[in-house]
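Q: Protein chains in written order, with the working numbering: chain A, 322 to 539; chain B, 322 to 539.
No lab work stands behind these hints: they were computed from the structure.
Only true hints are included.
One copy or two, it doesn't matter: identical chains are merged, so the pair holds either way.
List time: in silico EDC-like cross-link candidates among lysine to aspartate or glutamate, alpha-carbon distance up to 16 Å:
| # | residue 1 | residue 2 |
| --- | --- | --- |
| 1 | K477 | D391 |
| 2 | K341 | E533 |
| 3 | K407 | D389 |
| 4 | K407 | E419 |
| 5 | K341 | E529 |
| 6 | K407 | D391 |
Given next are the chains, with one letter for each unit.
Protein chains: 2
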Amino acid sequence: MITLYGVLRSRAARNVWLAKELGLSFTRVPVIQAYRLPDPLAADAPLNTASPAFRAINPNGRIPALVDGDLTLCESFAINLYLARKHGGPLAPADLREDGLMTMWSLWAVTECEPHGLAILLHSGGERSESDRRTVATAIETLRPAFAVLEAALRKAGGFLVGGRFTVADINVAEVLRYAQPATAFLAEHPAIGAWLNACQARPAFREMMAERSTEPA
Amino acid sequence: MITLYGVLRSRAARNVWLAKELGLSFTRVPVIQAYRLPDPLAADAPLNTASPAFRAINPNGRIPALVDGDLTLCESFAINLYLARKHGGPLAPADLREDGLMTMWSLWAVTECEPHGLAILLHSGGERSESDRRTVATAIETLRPAFAVLEAALRKAGGFLVGGRFTVADINVAEVLRYAQPATAFLAEHPAIGAWLNACQARPAFREMMAERSTEPA
Chain A
322 MITLYGVLRS
332 RAARNVWLAK
342 ELGLSFTRVP
352 VIQAYRLPDP
362 LAADAPLNTA
372 SPAFRAINPN
382 GRIPALVDGD
392 LTLCESFAIN
402 LYLARKHGGP
412 LAPADLREDG
422 LMTMWSLWAV
432 TECEPHGLAI
442 LLHSGGERSE
452 SDRRTVATAI
462 ETLRPAFAVL
472 EAALRKAGGF
482 LVGGRFTVAD
492 INVAEVLRYA
502 QPATAFLAEH
512 PAIGAWLNAC
522 QARPAFREMM
532 AERSTEPA
Chain B
322 MITLYGVLRS
332 RAARNVWLAK
342 ELGLSFTRVP
352 VIQAYRLPDP
362 LAADAPLNTA
372 SPAFRAINPN
382 GRIPALVDGD
392 LTLCESFAIN
402 LYLARKHGGP
412 LAPADLREDG
422 LMTMWSLWAV
432 TECEPHGLAI
442 LLHSGGERSE
452 SDRRTVATAI
462 ETLRPAFAVL
472 EAALRKAGGF
482 LVGGRFTVAD
492 INVAEVLRYA
502 QPATAFLAEH
512 PAIGAWLNAC
522 QARPAFREMM
532 AERSTEPA
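Just need the whole structure built from these sequences, with the hints factored in.
A: If you want it as structure tokens, here you go:
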């Protein structure tokens, strides 16, 4: 039995999306980020990333974490690549070549996009200060070359990143790009990215995950 | 035939180290970082990350890049994981479980260590300003929890990260930790990390790569 640790308002969302795509049976323990709690080490605090019981599972104190038998994994993209490889099927790499490309795109999303996508997410919406606007504008300009690469890759590859079909690579990259979606005008400059994100986010497994996520406290 | 693009004073070093460990035959094209050149687009500029000829290979304009037949890969850790999986042997994952762990440690090095390791590298040595010292001190404090995790993991796992033997995971993580090595006092607080780095860097393939690297202009 697989156990996945993490609330859905975290990088655990990408693992739950994949697990639902694969039809995996799993238990989810909604470990919450310690920084969201007033006193994470209080006796009555919910299980969180500072709890000794969770630190025993992931000493990095980060969600998500996965336990599958005697294997414990952290790093959300490593978890997704592992689950896809283990389960097989169209979402998984068909060969070493595809595995290389899926690993590459996952790392690419981390190194080229994730920090700037998060900057957009955290400084958009609600009452925005001048400083928020500047932070978002800088993040967009920093993301621009990566978006150009992704736009061209999607056009060339026929709409999905690897193998001409929806795979774990699309889930991993789309979940990072979701952070940048508040930058609607910037997205609109990239029609292939927009169409691909729409296709990814129209999938029933994504919608189910997001519906569950919306029941969690913001 | 495999072609690897990048000077050794770049993340291509980790790929050359692995290729030498595996005894692979490869061609290396010493593409240099554009920011190191006064005019990267000049007609007589050496092949660099801004050159159209290189951008045709890696549109991200980053080194390293790998071409293996009709496969082009970027992201140095994806390249190393691909080459190890393709070649097999003790450096490669023996099964899906090990592949998960090797992918996890590679991502962990990127997300938890690389930016702070680079901050140490770029602000150590030579004439250091007060601002350099502050940057290094902050990077060390930010790295402290990750180093505690790595120290404990190496003690528990018997000196190497995965499977009780030297693997591609050790190369990937050790090449990020190399950036932090100017922080000698901090390293000395972590004897298992120190012993592991020494073991990794004592390998003939690493020493050969570093000897070649030292012949490149600084």
